[in-house]
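Q: Listed below, chain by chain, are the residues.
Protein chains: 2
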Amino acid sequence: MAGNVTILTKADLSTCVGLNETALTVIEDAFEALANGKIVMPPILSMDLPMVNGEVDVKTAYIEGFDGFAIKVSPGFFNNPQLGLPSLNGLMILFDAKTGLVKSVLLDNGYLTDVRTAAAGGVAAKHLAPSQVNCATVFGGGVQARMQLKAAHIAKPFSKAFIWARNFEKADQAAKELSADLSIPVVATHDPGRAVAESQLAITTTPATSPIFKKEWLHPGLHITAMGSDQEGKNEIEAEALMAADLYVSDRISQCEKLGELRSALNAGWTAPDIPELGQIITGQKSGRMSDDDVTICDLTGTGVQDTAIAAHAFKVATSEDMGQIFETDGTTK
Amino acid sequence: MAGNVTILTKADLSTCVGLNETALTVIEDAFEALANGKIVMPPILSMDLPMVNGEVDVKTAYIEGFDGFAIKVSPGFFNNPQLGLPSLNGLMILFDAKTGLVKSVLLDNGYLTDVRTAAAGGVAAKHLAPSQVNCATVFGGGVQARMQLKAAHIAKPFSKAFIWARNFEKADQAAKELSADLSIPVVATHDPGRAVAESQLAITTTPATSPIFKKEWLHPGLHITAMGSDQEGKNEIEAEALMAADLYVSDRISQCEKLGELRSALNAGWTAPDIPELGQIITGQKSGRMSDDDVTICDLTGTGVQDTAIAAHAFKVATSEDMGQIFETDGTTK
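Each protein sequence line maps, in turn, to chains B and C.
Heads up, the first sequence is in the numbering used here, so the first residue is 1 and it goes up one at a time.
Heads up, the second sequence is in the numbering used here, so the first residue is 1 and it goes up one at a time.
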């Protein structure tokens, strides 16, 4: 009915959407839609708020054939930890694709973003890592370090992993949790180069502003997913590594040029070849890894189609399970 | 407390925010803040959806010194009337200015936009119309035609008004309602030129894409507020009228160049002089009307500061009246 809005909380959403094969399929389908061009995705609205050490990003995408489209608002306020609050928050709003009416407000505090971001990493590993992944190394000690390793393990069930973070304590804590969650040995390391040498898959999830991943670590049969850089000024991978890889893939070229590893490589003088987007590799429109010995890099900045896809999926599952509270906008709350 | 989000419906909001002197003051203050430069206001995020005859705009502004900032999402889906639904909908989200946490979701279906848009017209009339306004003419037969005339009447309590619309029936209906609401004669007219000749104030509120207001109608002591053009392709006032006026004022130059009457005039070759913004006239930073005989034009495209100001005001009033329903995002809805 017109004017009916379903409010869903983070608690609701985390019971009905998890980081699992279903989530990976939802995000894989979103990248396919992006490649097939059946989307409208305007540039990100970005508001810098240096006076409060904050920023706000708004992303959206309209996918033809979907019942709804989402708008996501992601505030990042980096003084929050001093107040005992998380830096990242926000919500998603799901609109009816035919009428533009608000269908649902998803008060997820960034939870669905975490899931869709990690799921994209899983999709990248599925399509770009070598056929056999025995060992993976993750860079970073935060939420995405954990979730990216889990998502990659769904796609490529490796039997061992390393984790490196600037703060070793954090890496060690994450390693312990991940060992328990994945039932494989996950080891915190002081020597990321040696960890990468053992790995067929590396995932970078840090907010680094100068490279933490060295070109000299590249070796045949390595795939790297770089998802930390999502803003101007961030950079995890040495530009020379992009230049030396057999294949560089972006989630969305127009975004990676501004926000991803691609930006730094272009600034360093790289004359990038014809760059495939991840979705084009999924659909077969462009070639991906040609042999198990290739070195591949996937640059993920996060796209509005992922948000629309995960929000539409979450709404469908939540309402089928009768979750959420419905408001009639023409009715008072009291 | 962190994670507490207050949901307010249109019904809640329309009981605690009205188009009155308070609303005009709230919007006047917002224009002052804009002029004083204590704001961050990124360009509008705009998504065109021709396949469903729709569009979505996202506006925001951060005003230093305010407790919160709003993000507004305004979908316009122009096939909706065929389904018995309004074309314009949407919501506002209010965030804490220090932490970025979601404070409130205002499910207003565009109501607060209607109020803040009309209030801006009232503020323009207050600062730019001649000292004495006896008669006003409004162009258009929709919601804003009604609300703009009411807002102008708050600022300049004229004793007579005309209304013209392409569809005379609509104009006549609006005239009857406005006569009753304002307790003055409001007359629907077939001859807008004659109505303007009698008026000291004209307000255009149409979605016209070619001018409906002629340069030849300008006469000493006339102020025009043009608020219909808020998108590329819209145009209500002949470019020659802007060129001939003693003073042209914009709400935000960078927006009017793209979306307002200014765009058409620049395209027609106007070498615009140093253009004042409405806020700069309110603060006295730039000169406004110099004499009661001047011809003045104010071009309103709608700004994010108006949204932040009205949302913050609405939240304050609503919570002081104990309205809304509070959600803890970490709690389930059921």
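Take the hints with a grain of salt, since some may be wrong.
Unchecked claim - Quick partial rundown of chain B residues pointing at chain C, CB under 10 Å, derived from the structure: (1) Pro50; (2) Met290; (3) Ser291.
To be verified - Pulled a few chain B residues facing chain C out of the computed Cβ check, cut under 8 Å: (4) Val73; (5) Phe327; (6) Thr332.
Unchecked claim - For each label pair, taking beta carbons as the anchor points, the in silico distance ranges come out as: (7) B:Gln325 x C:Asn79: 48 to 54 Å; (8) B:Gly233 x C:Ser291: 37 to 43 Å; (9) B:Ser320 x C:Glu240: 49 to 55 Å.
Bear in mind the hints are in silico, worked out from the structure with no lab data behind them.
Cβ atoms here follow ideal geometry from the backbone N, Cα and C, with glycine treated the same way.
Q: Quick check on a hinted range of 37 to 43 Å for Gly233 (chain B) and Ser291 (chain C), using CB atoms only.
A: At roughly 52 Å between Cβ atoms, Ser291 (chain C) and Gly233 (chain B) fall outside 37 to 43 Å, so the hint is violated.
Q: Going by Cβ atoms only, is Thr332 (chain B) closer than 8 Å to chain C?
A: 4 Å, holds
Q: Does the hinted range 49 to 55 Å hold for Ser320 (chain B) and Glu240 (chain C) at CB?
A: 60 Å, violated
Q: Determine whether the Cβ-Cβ distance between Gln325 (chain B) and Asn79 (chain C) falls within the hinted range of 48 to 54 Å.
A: 29 Å, violated
Q: Measuring from the C-beta of Ser291 (chain B) to each C-beta in chain C, is the shortest one below 10 Å?
A: Violated, about 41 Å.
Q: Min Cβ distance, Pro50 (chain B) to chain C: is it shorter than 10 Å?
A: With a minimum Cβ separation of about 9 Å from chain C (threshold 10 Å), the hint on Pro50 (chain B) holds.
Q: Does Val73 (chain B) hold up as a contact with chain C if the rule is Cβ-Cβ below 8 Å?
A: 6 Å, holds
Q: Does Phe327 (chain B) pass the interface hint, meaning its C-beta sits closer than 8 Å to a C-beta of chain C?
A: 6 Å, holds
Q: Under 10 Å is the threshold here; is the Cβ of Met290 (chain B) close enough to any Cβ of chain C for the hint to stand?
A: Violated, about 37 Å.
Against the hints set out earlier in the document, violations occur for numbers 2, 3, 7, 8, 9.
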